[in-house]
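Now that you have both chains on their own, put them together as the hints suggest.
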Amino acid sequence: MNYEDRLENVTVLGAAGKMGSGILLLTAVEMADLSLQPENKSKVFVLNAMDVSNPGLAGLKDYLQVQIRKVAEKKTVLLRKLYEDREDLIENGEIIDQYVFDVIKLVRPVTKLEVAYDSTLIFEAISENPELKIKLLSKINENNPNSPWFFTNTSSVPINKLNKEAKLDGRIIGFHFYNPPAVQRLVELIAADNTHQDLIDFAHTYAKKLRKKIVPSNDFAGFIGNGHFMRDALHGISEVETLTKDMSFSEAVYMINKVSQDYLIRPMGIFQLVDYVGVDVCQYIMQVMNPYLTDENLHSPLLDQMIELNVKGGQYSNGSQKDGFLKYEKGRVVAVFDTEKKGYVPISDFKEKCDAKLGALPESFSPWKQVNFDRNKTNILNKYFDELKTMETPGTELAKKYLIRSNEIGLKLVSDKVANSTDDVNTVMLTGFYHAYGPINDYQK
Amino acid sequence: MKKLRKKVYMTAGYNTVSLGTGRKEFHPKKPRPGLEEYIKEAGEGTLKQIGGGKNVDESVIGNFMAARFNKQANLPGFIPMIDKELEWKPATSVEGACGSGGLALTSGIRFVLAETADVVLTIGVEVQNTVKAIYGADILAGAGWYKERKQGHAYFFPGQFSNRAGAYFEKYGREKARKGFARWYKNAIENARLCPTAQEYHNNLDDLIAVGLSEPNPKAFTDHLNFFDCSKVSDGASSIAIVSEEGLGKIDIPKREAIEVIGWAQVERDITKQPTDLTELETIKKAANEAMQSAGITVDQLSTVETHDCFTIAGILAVEALGLAKPGEGADFVAAGHTARDGEIPFNTTGGLIGWGHPTGATGVHQAVTIWEQFTGKAGDAQININPDKPYGMTINMGGDDVTVVAIVFKRGE
Chain A
1 MNYEDRLENV TVLGAAGKMG SGILLLTAVE MADLSLQPEN KSKVFVLNAM
51 DVSNPGLAGL KDYLQVQIRK VAEKKTVLLR KLYEDREDLI ENGEIIDQYV
101 FDVIKLVRPV TKLEVAYDST LIFEAISENP ELKIKLLSKI NENNPNSPWF
151 FTNTSSVPIN KLNKEAKLDG RIIGFHFYNP PAVQRLVELI AADNTHQDLI
201 DFAHTYAKKL RKKIVPSNDF AGFIGNGHFM RDALHGISEV ETLTKDMSFS
251 EAVYMINKVS QDYLIRPMGI FQLVDYVGVD VCQYIMQVMN PYLTDENLHS
301 PLLDQMIELN VKGGQYSNGS QKDGFLKYEK GRVVAVFDTE KKGYVPISDF
351 KEKCDAKLGA LPESFSPWKQ VNFDRNKTNI LNKYFDELKT METPGTELAK
401 KYLIRSNEIG LKLVSDKVAN STDDVNTVML TGFYHAYGPI NDYQK
Chain B
1 MKKLRKKVYM TAGYNTVSLG TGRKEFHPKK PRPGLEEYIK EAGEGTLKQI
51 GGGKNVDESV IGNFMAARFN KQANLPGFIP MIDKELEWKP ATSVEGACGS
101 GGLALTSGIR FVLAETADVV LTIGVEVQNT VKAIYGADIL AGAGWYKERK
151 QGHAYFFPGQ FSNRAGAYFE KYGREKARKG FARWYKNAIE NARLCPTAQE
201 YHNNLDDLIA VGLSEPNPKA FTDHLNFFDC SKVSDGASSI AIVSEEGLGK
251 IDIPKREAIE VIGWAQVERD ITKQPTDLTE LETIKKAANE AMQSAGITVD
301 QLSTVETHDC FTIAGILAVE ALGLAKPGEG ADFVAAGHTA RDGEIPFNTT
351 GGLIGWGHPT GATGVHQAVT IWEQFTGKAG DAQININPDK PYGMTINMGG
401 DDVTVVAIVF KRGE
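Chains as they are written, first to last, in this note's numbering: chain A, 1 to 445; chain B, 1 to 414.
In case anyone wonders, no lab produced these hints; they're calculated from the structure.
Please note that a few of the clues may not be correct.
Cross-link-like lysine to aspartate or glutamate pairs, in silico, EDC-like; alpha carbons within 16 Å at most [claimed, not checked]: (1) K150(B) to E363(A); (2) K81(A) to D223(B); (3) K75(A) to D223(B); (4) K147(B) to E363(A); (5) K81(A) to E148(B); (6) K389(A) to E363(A); (7) K147(B) to E91(A); (8) K219(B) to E73(A); (9) K147(B) to E340(A); (10) K245(A) to E340(A).
Part of the chain A face toward chain B, derived, beta carbon under 7 Å [as the list claims (entries may be wrong)]: (11) T76; (12) V77; (13) R80; (14) I90; (15) E91; (16) N92; (17) G93; (18) D97.
We put the CB at the ideal spot given by N, CA and C, even for glycine.
Next up, chain B with everything else stripped away, as it sits in the complex (with noise of 0.2 Å):
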């Protein structure tokens, strides 16, 4: 990718809470927030911090599945609703499946470096309790290919991702991959309960290496993972502003509050055709590999990286795309700790998909306020050092299984 023509900023996040089971206030069959409840509570996060919507120039929202979820489409129409200021301006939709929160991003980054907006409303949200998991499952099987749903699991994205975990137990062993599952379990949960709007802040189990270590139950679930190694159902939004330099002035931000974006990459791999190999993420490794280098930069300057751990399995295929182990290796870099807050490189600060939670159409863009509140020393109990040896962050957000992926090089803004 060209170099970025002009600098462009992230700042001013805001995440719901993730709500689903977890939380001590969901209740299936009591009545929850909608769809509207959660753009409005995040997009209103994000204006309060920027002077509101009369400095807006655009929106755009990221969702997956709301036609089916929340039998709702034409999202645009919602973001005037967050603020009067916002009624008249342009805002856009896009969708991507899980990923579609990144492609929220990398729209919003695009706008600025168009030179149409200098700033950026960018939203994502989903509400996914609405139905059962059973069904819900329908719906996600959207990320993958229709005509491969008839033969797919009952669960189609756990059934996916089994088949990796298996294909992975085959070639590298299966005893050292689970062990790898239950540490990344493990980590995020224990992320997650310093993050107050995390899913998973209320939990207490106590030996999560032991119930990471569950046995996966083929006869109700998949063959090869336990719902430990899931995220889980959420409803959740988050919202960012991506600003020009001289929206930051506009918005009247320091620089040293936002994030800077450095490099970025978004990729696409063929929805129709089976992954080359199981064992590996391709379009992730292309993805991160990409915006690394349009950042100029190796792994070993990044401080911390937010990825995509749908899946436990994911998440370590993902170390490995990123070459921060050897293909196989991935498994035992995690057991080793080297992922965990304290460790080498810390993963999923806030506890990612599988400890914060993964409302679908959200996450691409929770991960960016993670990244942007760690960098500005605004994550809380979550806070980790950022080593100045090591300025970038990264995001790495992907629909279906490996299909739609962007990933983003930050640092904090200077």
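So that you can see chain A by itself, here it is in the shape it has in the complex (with noise of 0.2 Å):
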């Protein structure tokens, strides 16, 4: 079966979530590109999207078509080639309306699993719990006759568990994308011992298709990215708990935020990335990746105490933040909870007392937006952390040891074979998590 005939008929399980619906949209641009080849023109392509919500599908559609629109606008002058013959369709306006047209046409909304039995590809994205990604790989498994392939963008779940317990006989590959998919450029390659090199193959000429930049990653849960990204939020945990000896939890909360994002000068503060992630996302990827772990306890008690008191995080539909550990208005954090009061206590409030007792930025400061696309990067960001160095503020105390940490846990993966070279890590970070620079770097020294 060639790259085309694979792609004919394909399911996304989940489609309507957050990951689904971004996985769902490039599958189905990939599939209409192919469909629209002259040599395919006779075949049918068809793209399930599967999900058991239905609002979650009827908002689909609507995320798709401003979606599709947004990707046929940047590539009109392909666009036009692949409409040529259409003589109909003479201005960018009126083959971009085709273009959306025909990607949606692909796609059927579907709340039965029972579509999936005729794919030839399962993309899974449900929630990280193994048992119903096992019930439901499984079960479609036994009833397709096609021996499909499947795809599954677990972040945390170990490939061979899937592969063993669902009887797949390694045709599973872990094919994870970040957040939002659309937008991110990498996907971690995670094969099972015994996944065909086909299916291998054909997964990287679809990431090539999807211009995306694979990072291929060992079998162990939670692979590179969340093997970094919940170390090190338990870091920050760990820092909110010292720091609340001598002040409250949510000045605590916002001191060490403002560390990981302005000191450490990444795109967020380590606690909007959790909410953004989902507090609950959060602590269910560590009881996922816990049970693997020998010498560690991947394990957060005031995760659990926030998801007690219904604080979760995670996004509406239309994309915008849910309030968890912050509480965010427009998109800005106004406010920070206090697992006391069980409430928001706004910035204002403690705004200058903490930035205060911080001390002052490094004078070479310049925020991530400002670092991260600037031409000189390394050497803005060689200035700035050896300047860093130089100071023994609170807060750049405070950085220095989250730089440390940081890359003790970036050789940590190398170490434990999770990730191939101290390479794979930093892009990881760096394409995956939208870092200005690895976690492995001298900056810490």
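And the structure:
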């Protein structure tokens, strides 16, 4: 079965979810591009968008329409060639409209799993629940006569476990997108011990056509990305716990969030990132990873407590941020949760005091937004961290400790053989998390 | 063309900001001034200098595609909105694609020559940021023949001029041509930095030559031109008063504060035909020569030229069309700095279309305003020295791919 044939009938499980909708979009666009090739005009391409949520599927179409239009506007030069023989389509606007229609035409939103029984490729992007994943994958595998291939977007469940327990005989691969899949270029690729070589080759071709960058990860729960992120978050949490001896919980969260964003020149503070991913999702990923770890305990009672208080973060279906550790108004952080008061405290109540306590930022500081896209990024960062090293304010001390810990985590991922190289760890953090520099660096020395 | 039977002057020029990407105040998602705000600002800018609408006999407005960019036609109806005194007076709208501003100027000149008006308020306007560039390209493609749209590039006009650049590369060499393009871009930006209304006024890129030399990306854009070879999408309006000698008296402006139209030409090429030679701007050549002939001057008497550099290649080819360099040597002429503000013959001293901006229907009028500013000492930081031995300046405004061209020769009033 060649590449096109494999993509003739595809099902995305969890298609209305945050990750599923992005995967669906990218796959729909790729399938439509194939369907528009002259040699494929007689084929019928089908993309089942399977999800249990009816409202979710209704929203999915809105999302697709907006996103496909953006895709089309960026590649109109190519689209004019694809629609060369359509004499009725003259202007860019007409061609773009037609393309949006042609992509959406492939997508069939459904709530029943049975549609996957006809597919040759199944993309799994449901919640990080190993039992549920195994149940669905084996059910499809038992009822599908095509010996389908399974791509799983899991960020934490070992692929070998899914392979073995769903009895897939090596017809599975971990193909882990980063959020949002339509934007982030990174894909972590994780093969099981007996994943078929032609499946791996297909995954590489597919990633290339989607213009994604593959970083191979070995099959350890959490892989590279969450392997770093979860431990990095736990470091932030433990720093908060230390600080709360001298200050309120909200103040401590505010300070560590600020240190991890501004002082470390990252796109988000660590607590904002936890909120972005979802407090509950983080707790869940740790639970999935923890049984596989022998020398550490990946668990946070604080996360448990937050979830008990129903503070979960995550995103609304329109992509806006739900409140978690932090409270957001129009995307800006306006307040911080307090575990004692069980409510949010406005930042304005303590910002000045906390900023004074942290001390001044190094003079050469510029925020991530400016640094990350600058052609002289390396020089800017060298200068900044050289300056940071010479300072001894509480803020810079916390930042130095953070850098050291992040570096340790990175090196451990290599020594534990989760990642094949320090470069791979850095690439994941640079492209999947949009960091301006990799965790394995000389800045902490 | 017959000698002008009457003296015609231009004065009281005004430009709005050329708004679009590059200007700090521009944000694609925030509300911006509309067509009527631009018309009003530019019109008032001129009226304030000439004693208000009561002194105006007639108005003309140049615009290309408000019908599609702004869903608005019947632009003469906006003239009385500028000043109540303009109500019940004649107003005309003219269109010749990106040459609409030039047609507004020649219309104004004709009104004065016809002696139906002594003072003509002349405005050019275009508001194009209402749609994304990829859809704007469809609208601007209207400057070409509609039957060629299907075969054309997604970015139709950049595609047309990319073909011209490609032909030039093949005939005369790519490397030197690209060097000429990059220098044209550098000059444009450096001039724009001296003009507060210019779209590239805030441009602070370091190595403009290196930027100009960026390799074209045919997948996303055209084969032979990069983004820096192109003028940007702009919103803006320009305005100027076209007046007779009597008119100058009426508005109480001394001749020295005006520029005089010495000669001009308006030339059309058949839009349904391909250019004879892609490496030559035949219509511009005819128009420029005819204008100089009617003025009785030669190219070495020009102190400065405002030419229609919608693309760098159009700038280079105009240099050749004027006879300043032989065919194929325009790129070298430009690369050597001869068209820079301190060069032999400064071109586009407030940035031209690439630097100042290209609100399509306004461009022809903007060119005249720049010449007026330069010859009457009103160009501010962008002021150049006008050599008394070369007392003439010229504007060349082009609509479409060398289809509708207006060229005008001016000198300071005396």
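To see whether the hints hold, each was checked on the structure:
no. : hint               : verdict
1   : K150(B) to E363(A) : 56 Å, violated
2   : K81(A) to D223(B)  : 15 Å, holds
3   : K75(A) to D223(B)  : 15 Å, holds
4   : K147(B) to E363(A) : 60 Å, violated
5   : K81(A) to E148(B)  : 15 Å, holds
6   : K389(A) to E363(A) : 12 Å, holds
7   : K147(B) to E91(A)  : 11 Å, holds
8   : K219(B) to E73(A)  : 13 Å, holds
9   : K147(B) to E340(A) : 72 Å, violated
10  : K245(A) to E340(A) : 14 Å, holds
11  : T76                : 4 Å, holds
12  : V77                : 5 Å, holds
13  : R80                : 5 Å, holds
14  : I90                : 5 Å, holds
15  : E91                : 4 Å, holds
16  : N92                : 5 Å, holds
17  : G93                : 5 Å, holds
18  : D97                : 11 Å, violated
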